[in-house]
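Asker: Quick mapping for you: the protein sequence lines, in order, are chains E, F and L.
Taken in order, the first sequence gives residues 1 to 81; the numbers are from my numbering.
Taken in order, the second sequence gives residues 1 to 366; the numbers are from my numbering.
Taken in order, the third sequence gives residues 1 to 338; the numbers are from my numbering.
Hint data in this document are derived by calculation from the structure and do not stem from the laboratory.
Heads up, some of the hints might be wrong.
Label pairs and their calculated CB-CB ranges [unchecked claim]:
id, chain 1, residue 1, chain 2, residue 2, range
1, E, P36, L, L24, 56 to 62 angstroms
2, L, I19, F, G28, 52 to 58 angstroms
3, L, E253, E, L65, 48 to 54 angstroms
Glycine included, each C-beta is placed from N, C-alpha and C at the ideal position.
Spelled out from the first residue to the last, the chains are:
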Amino acid sequence: MCLAVPMEVLSIEGDLARVDQAGVKTRVSLMICDEPPQVGDYVIVHAGFAIHRLDPETAHESLSLLADLLAAADEGPGREE
Amino acid sequence: MKYIDEYRDPVAVRELIQAVSTTAQRIGGEPLRFMEVCGTHTMAIFRFGLRQILPGNVELISGPGCPVCVTAMAEVDRIVELSRREGVLVATFGDMLRVPGREISLAQAKAQGGRVEVVYSTLEALELARKNKEAQVVFMGVGFETTAPTVAAALFQAAGEGISNFSVLSCHKLLPPALEALLSGGKAKVHGFLMPGHVSTMIGAGAYEPLAREHKVPCVVTGFEPRDILSGILMLLRERAAHSHRVLIQYSRGVSWEGNTRAMGLLERVFQPRDSLWRGLGRIPDSGLALRPEFQGFDAERVFDLQPVPETEAQDPPGCRCGEVLQGLITPPQCGLFGRRCDPQNPVGPCMVSSEGTCAAYYKYN
Amino acid sequence: MSRILLDHGSGGKTSQELIEQVILPRLANPLLAPLNDGAVFELPGQAGGQRLAMTTDSYTVSPIFFPGGDIGSLAVHGTVNDLAMCGAEPLYLSAGLILEEGFDLSDLERILDSMRGAAEEAGVAIVTGDTKVVERGSADGIFINTAGLGMVRPGVSVSGQGARPGDRIILSGTVADHGVTILSQRKGLSFSTELRSDSAPLNGLVRAMLTAAPGIRCLRDPTRGGVATTLNEIAAQSRVGMILEEDALPLREEVRSACELLGLDPLYLANEGKVLAVVGPEEADRVLKAAQEHKYGRQAALIGRVTAENPGRVLLQTPYGTSRVVGMLAGEQLPRIC
Numbered sequence: 001m002c003l004a005v006p007m008e009v010l011s012i013e014g015d016l017a018r019v020d021q022a023g024v025k026t027r028v029s030l031m032i033c034d035e036p037p038q039v040g041d042y043v044i045v046h047a048g049f050a051i052h053r054l055d056p057e058t059a060h061e062s063l064s065l066l067a068d069l070l071a072a073a074d075e076g077p078g079r080e081e
Numbered sequence: 001m002k003y004i005d006e007y008r009d010p011v012a013v014r015e016l017i018q019a020v021s022t023t024a025q026r027i028g029g030e031p032l033r034f035m036e037v038c039g040t041h042t043m044a045i046f047r048f049g050l051r052q053i054l055p056g057n058v059e060l061i062s063g064p065g066c067p068v069c070v071t072a073m074a075e076v077d078r079i080v081e082l083s084r085r086e087g088v089l090v091a092t093f094g095d096m097l098r099v100p101g102r103e104i105s106l107a108q109a110k111a112q113g114g115r116v117e118v119v120y121s122t123l124e125a126l127e128l129a130r131k132n133k134e135a136q137v138v139f140m141g142v143g144f145e146t147t148a149p150t151v152a153a154a155l156f157q158a159a160g161e162g163i164s165n166f167s168v169l170s171c172h173k174l175l176p177p178a179l180e181a182l183l184s185g186g187k188a189k190v191h192g193f194l195m196p197g198h199v200s201t202m203i204g205a206g207a208y209e210p211l212a213r214e215h216k217v218p219c220v221v222t223g224f225e226p227r228d229i230l231s232g233i234l235m236l237l238r239e240r241a242a243h244s245h246r247v248l249i250q251y252s253r254g255v256s257w258e259g260n261t262r263a264m265g266l267l268e269r270v271f272q273p274r275d276s277l278w279r280g281l282g283r284i285p286d287s288g289l290a291l292r293p294e295f296q297g298f299d300a301e302r303v304f305d306l307q308p309v310p311e312t313e314a315q316d317p318p319g320c321r322c323g324e325v326l327q328g329l330i331t332p333p334q335c336g337l338f339g340r341r342c343d344p345q346n347p348v349g350p351c352m353v354s355s356e357g358t359c360a361a362y363y364k365y366n
Numbered sequence: 001m002s003r004i005l006l007d008h009g010s011g012g013k014t015s016q017e018l019i020e021q022v023i024l025p026r027l028a029n030p031l032l033a034p035l036n037d038g039a040v041f042e043l044p045g046q047a048g049g050q051r052l053a054m055t056t057d058s059y060t061v062s063p064i065f066f067p068g069g070d071i072g073s074l075a076v077h078g079t080v081n082d083l084a085m086c087g088a089e090p091l092y093l094s095a096g097l098i099l100e101e102g103f104d105l106s107d108l109e110r111i112l113d114s115m116r117g118a119a120e121e122a123g124v125a126i127v128t129g130d131t132k133v134v135e136r137g138s139a140d141g142i143f144i145n146t147a148g149l150g151m152v153r154p155g156v157s158v159s160g161q162g163a164r165p166g167d168r169i170i171l172s173g174t175v176a177d178h179g180v181t182i183l184s185q186r187k188g189l190s191f192s193t194e195l196r197s198d199s200a201p202l203n204g205l206v207r208a209m210l211t212a213a214p215g216i217r218c219l220r221d222p223t224r225g226g227v228a229t230t231l232n233e234i235a236a237q238s239r240v241g242m243i244l245e246e247d248a249l250p251l252r253e254e255v256r257s258a259c260e261l262l263g264l265d266p267l268y269l270a271n272e273g274k275v276l277a278v279v280g281p282e283e284a285d286r287v288l289k290a291a292q293e294h295k296y297g298r299q300a301a302l303i304g305r306v307t308a309e310n311p312g313r314v315l316l317q318t319p320y321g322t323s324r325v326v327g328m329l330a331g332e333q334l335p336r337i338c
């Protein structure tokens, strides 16, 4: 129900940030972002507002979680911790 | 595109397809019905063609998570009527422009001389108010917990600047009460939920804990790329296999357990819960948002002295089965109007109007 | 439909309904009926003689100046391209200007200079014209209509009815550059890119392709409604199916990204300097090579094939081994937040 795209913070001026994703640049409000981002961070942008600061480590973890899921599927279900 | 393309990697997606299939086979038994609550999930599932590669015993049904679809027609009538008033400029997200009320849509109202502008963010709507001081700018506030805080932010800013020609017609809806109503209604049979990624960014995965516990149904908060969606399905399958019904976060890069407390705090300062009429689901207690009395100067209902929408006016047009579609009780082709009298150009029901509506997605991609 | 909506001008299904239900019943004749990009005919009493192609188009664009072009160059390119899509060498253009009271004269001069430049590049002459001025508020600055006349190359017969099962589909370059460029310039939508409109005259490129393979079955420029709508039209006119490979579609990163941000599908956004060609399998490599050697076809790609199955339908194969239907544009694509 809610389109949102990760974009990189290029600069910050008060409550506004200039952000970029693959050459598309726009200005977003930081008023409702959960954590104040730094330049170089990625934020998830919905309707002109940053709503979440992406933590690179968590993003990396989620990719390895995918790998774990695959490994677990090979071994069969039911091995709940 | 960083943080997007990694999650579309074809090799990884094919591996996940295989894993979903093996896991589903191992479980066997009765077909499992998983509900993707969010319209953006529905769209992504069709866009990437994921429905066709699911194993025979896994069925995806679409839920009530498309804000355009669940907005009552009478609400559209109210904004259409406002757009006809002298001195009013209606600002709306593009999503709402073609949604028919009982007579016409905002697009048609515009063709008849109404002032209607499409905006991409609430701050642009506010900008319209600054630039058109002679007009009363009314923003049609649609959306769930993801979008409502952006409206709250704009109202906060408007109050701070003392902007007096801006108001919001709040049609906002809250998701957890609707899911609770869906399950307590007892008709919908759901074996697991793919929960919406970005609503959960705001409310936090913890918000689904009561639902999962009371209805013993696993919930996986899921992202919107093919690897996310297939992983979400795989996690639901594993929950079913383990006879477990936890709330899990697949979309950990976007969602925490607590959510975005800053945005939700702002939301609560501007809005308060109220009962709301949902197309197809009817009246659900505390499932909508009204502006708090402190913000009544920005409340279009008060500014223009609008009457509340009577329940009887929230009914779907004759023959339209969107209500059942929204509850996952039928698939769109089971509706007699689908593809005959109802298609994306001449939509009868809400699920055909919204590009992320279930019927529109079925029509477009099948 | 009791009133005209913006959707009626979107180039998609709604536009088609207007043409079929309102316009054609009143204006129908055998030359108009095929609904190609232009009409192809011989002069009366000269059956078997030189075939001519004629076309017309009106141009309204906001903003009138945009990266990569303006309404003037667009008005020349569009009509030149419609003639080229008939397999014709464009010769002469007309230009009708509708100006709004108060329009800046220096802007008009800039637009006319741009028309001259575009005409020179395409090798056509603007040989007749008309100017009207309407009251302030009755037009958006400037509207331009151009009509064009060209000679159809001997031995060439391209038509929307020409696609046959087994044929290949070639696209001359990246998708949606014009559409995204214009969107980025629209008021209210504040995003920026380095993108430029692809607006260009395609007669040189088409000449090179037809020289390499005179048997090309169908040529179309996917303007309003985009690649998806154009292919659906050909599939319907030729009563064939089509399969596209998503991976093979040339797409700039900025275009992909802008479409993700606004919730749009690049297959439905406008192109102003691209040609879609349907060619027999034996000629596909030659056409592709000829296109890639031309400056307006460097990124040409084989994007799909024509099938006997699913007549009238266009399917897209994803990189995941799945597929989805690509229908016609229903109405104007709007940026969306959900």
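Asker: All hints, please: hold or fail.
Answerer: Now the hints, each set against the structure:
Separated by about 60 angstroms at the C-beta atoms, E/P36 and L/L24 satisfy the suggested range of 56 to 62 angstroms. In this structure, L/I19 and F/G28 meet the distance hint of 52 to 58 angstroms, their C-beta atoms being roughly 54 angstroms apart. A C-beta distance of roughly 27 angstroms is found between L/E253 and E/L65, which places it outside the suggested range of 48 to 54 angstroms.
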